[in-house]
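Work out the full structure, taking the sequences as your base and the hints as a guide.
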Amino acid sequence: NAGVMQNPRHLVRRRGQEARLRCSPMKGHSHVYWYRQLPEEGLKFMVYLQKENIIDESGMPKERFSAEFPKEGPSILRIQQVVRGDSAAYFCASSPRDHLEQYFGPGTRLTVT
Amino acid sequence: AQTVTQSQPEMSVQEAETVTLSCTYDTSENNYYLFWYKQPPSRQMILVIRQEAYKQQNATENRFSVNFQKAAKSFSLKISDSQLGDTAMYFCAFMKGNDYKLSFGAGTTVTVRA
Numbered sequence: 002n003a004g005v006m007q008n009p010r011h012l013v014r015r016r017g018q019e020a021r022l023r024c025s026p027m028k029g030h031s032h033v034y035w036y037r038q039l040p041e042e043g044l045k046f047m048v049y050l051q052k053e054n055i056i057d058e059s060g061m062p063k064e065r066f067s068a069e070f071p072k073e074g075p076s077i078l079r080i081q082q083v084v085r086g087d088s089a090a091y092f093c094a095s096s097p098r099d100h101l102e103q104y105f106g107p108g109t110r111l112t113v114t
Numbered sequence: 017a018q019t020v021t022q023s024q025p026e027m028s029v030q031e032a033e034t035v036t037l038s039c040t041y042d043t044s045e046n047n048y049y050l051f052w053y054k055q056p057p058s059r060q061m062i063l064v065i066r067q068e069a070y071k072q073q074n075a076t077e078n079r080f081s082v083n084f085q086k087a088a089k090s091f092s093l094k095i096s097d098s099q100l101g102d103t104a105m106y107f108c109a110f111m112k113g114n115d116y117k118l119s120f121g122a123g124t125t126v127t128v129r130a
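Order-wise, the sequence lines are chains A and B.
Be aware that the first sequence starts at 2, since it is given in the numbering used here, and climbs by one per residue.
Be aware that the second sequence starts at 17, since it is given in the numbering used here, and climbs by one per residue.
Any given hint might turn out to be false.
[Unchecked claim] Below, a list of computed lysine-lysine pairs in the DSS-like style, where the Cα atoms sit at most 30 Å apart:
| no. | chain 1 | residue 1 | chain 2 | residue 2 |
| --- | --- | --- | --- | --- |
| 1 | A | 28 | A | 72 |
| 2 | A | 72 | B | 117 |
| 3 | B | 71 | B | 117 |
| 4 | B | 112 | B | 89 |
| 5 | B | 89 | B | 117 |
| 6 | B | 86 | A | 45 |
| 7 | B | 117 | B | 94 |
| 8 | B | 112 | B | 94 |
| 9 | B | 71 | B | 94 |
| 10 | B | 89 | A | 45 |
| 11 | A | 63 | B | 71 |
| 12 | B | 94 | A | 72 |
| 13 | A | 45 | A | 72 |
| 14 | B | 89 | A | 52 |
| 15 | B | 112 | A | 45 |
| 16 | B | 86 | A | 52 |
| 17 | A | 72 | A | 52 |
| 18 | A | 28 | A | 45 |
| 19 | B | 71 | A | 45 |
| 20 | A | 63 | B | 112 |
| 21 | A | 45 | B | 94 |
| 22 | A | 28 | B | 112 |
| 23 | A | 28 | B | 89 |
| 24 | B | 86 | B | 71 |
| 25 | B | 89 | A | 63 |
[As the list claims (entries may be wrong)] Taking CB as the label site, the calculated pair distances span:
| no. | chain 1 | residue 1 | chain 2 | residue 2 | range |
| --- | --- | --- | --- | --- | --- |
| 26 | A | 97 | B | 97 | 26 to 34 Å |
| 27 | B | 99 | A | 74 | 33 to 41 Å |
| 28 | A | 31 | B | 32 | 41 to 49 Å |
It should be emphasised that the hints constitute simulated quantities derived from the structure, not laboratory data.
Predicted model, so just to flag it, every value in this text is computed and none were measured.
Cβ coordinates follow ideal geometry from the N, Cα and C atoms, glycine included.
Below, the structure written as structure tokens:
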């Protein structure tokens, strides 16, 4: 059973461009969570999704950020018009019904130049 | 909101020795869970150990054990017989019962010296 997959592992974008981060949950997992880790800090919750539904996006900035988890395919975290402050590592986790069992992907390190 | 505090930014330990990482948290909840995650240089987050607040017995996983003091809101991690592969950043995390959001501390970097 493959673990949580994230791609790309590293992404460089210029200010104003769009960043699309992908997360494929573990097989059989229908819950996906996105967390952001700023330099020298712990991870911060951004959004929780189930298939075709955003359950809680309270940790996500209101503008420029969006997330989806379609019926088919990976979950996508999209950042429009990136700014330098968006530079961070973005982690995806997935779980079966039990939220305690969150398995993390290797993260995507976004650098905005 | 829950806050998780890790007061030790860095710790160093000799191989085969023991190191203890501290974590305190602030909550008004009675039902919650506490976690320690390891983040090695590969940056993959790996669950080390989990503690249910309703359990008095401290959790143990091989060389990793916790000291859970509910009244003091303290949750320390002890790494025994440290190995070079234990070198990583360690994060303490909190989750309310019936919730799904993990709240993380700022982390402690542990370096195991040969």
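Straight-line alpha-carbon gap residue 63(A) to residue 71(B), limit 30 Å: Violated, at about 39 Å.
Between residue 45(A) and residue 72(A), does the CA-CA distance stay at or below 30 Å? Since the Cα atoms of residue 45(A) and residue 72(A) sit roughly 26 Å apart, the hinted pair holds (cutoff 30 Å).
Holds or violated: residue 72(A) and residue 117(B), Cα atoms, limit 30 Å. The given pair, whose Cα atoms are some 23 Å apart, holds under the 30 Å limit.
For a C-alpha distance cap of 30 Å, please report whether residue 94(B) and residue 72(A) respect it. 43 Å, violated
Determine whether the Cβ-Cβ distance between residue 97(A) and residue 97(B) falls within the hinted range of 26 to 34 Å. 33 Å, holds
Starting from residue 89(B), check that the Cα of residue 45(A) is at most 30 Å away, please. 21 Å, holds
Does the structure keep residue 71(B) and residue 45(A) at a Cα separation of 30 Å or less? 27 Å, holds
Has the given pair, residue 117(B) with residue 94(B), been kept, meaning a C-alpha gap of at most 30 Å? Judged against 30 Å, a Cα distance of about 25 Å means the pair holds.
Residue 71(B) and residue 94(B): Cα distance at most 30 Å? Judged against 30 Å, a Cα distance of about 18 Å means the pair holds.
Given the proposed pairing of residue 112(B) with residue 45(A), does the C-alpha separation stay at or below 30 Å? 15 Å, holds
Would the pair residue 89(B) and residue 63(A) pass a check requiring their Cα atoms to be no farther apart than 30 Å? Measuring from Cα to Cα gives roughly 33 Å; hence the hint is violated.
30 Å limit on alpha-carbon distance, applied to hinted pair residue 112(B) and residue 89(B): OK: residue 112(B) and residue 89(B) at ~14 Å, within 30 Å.
The structure shown violates the earlier hints numbered 11, 12, 14, 16, 23 and 25.
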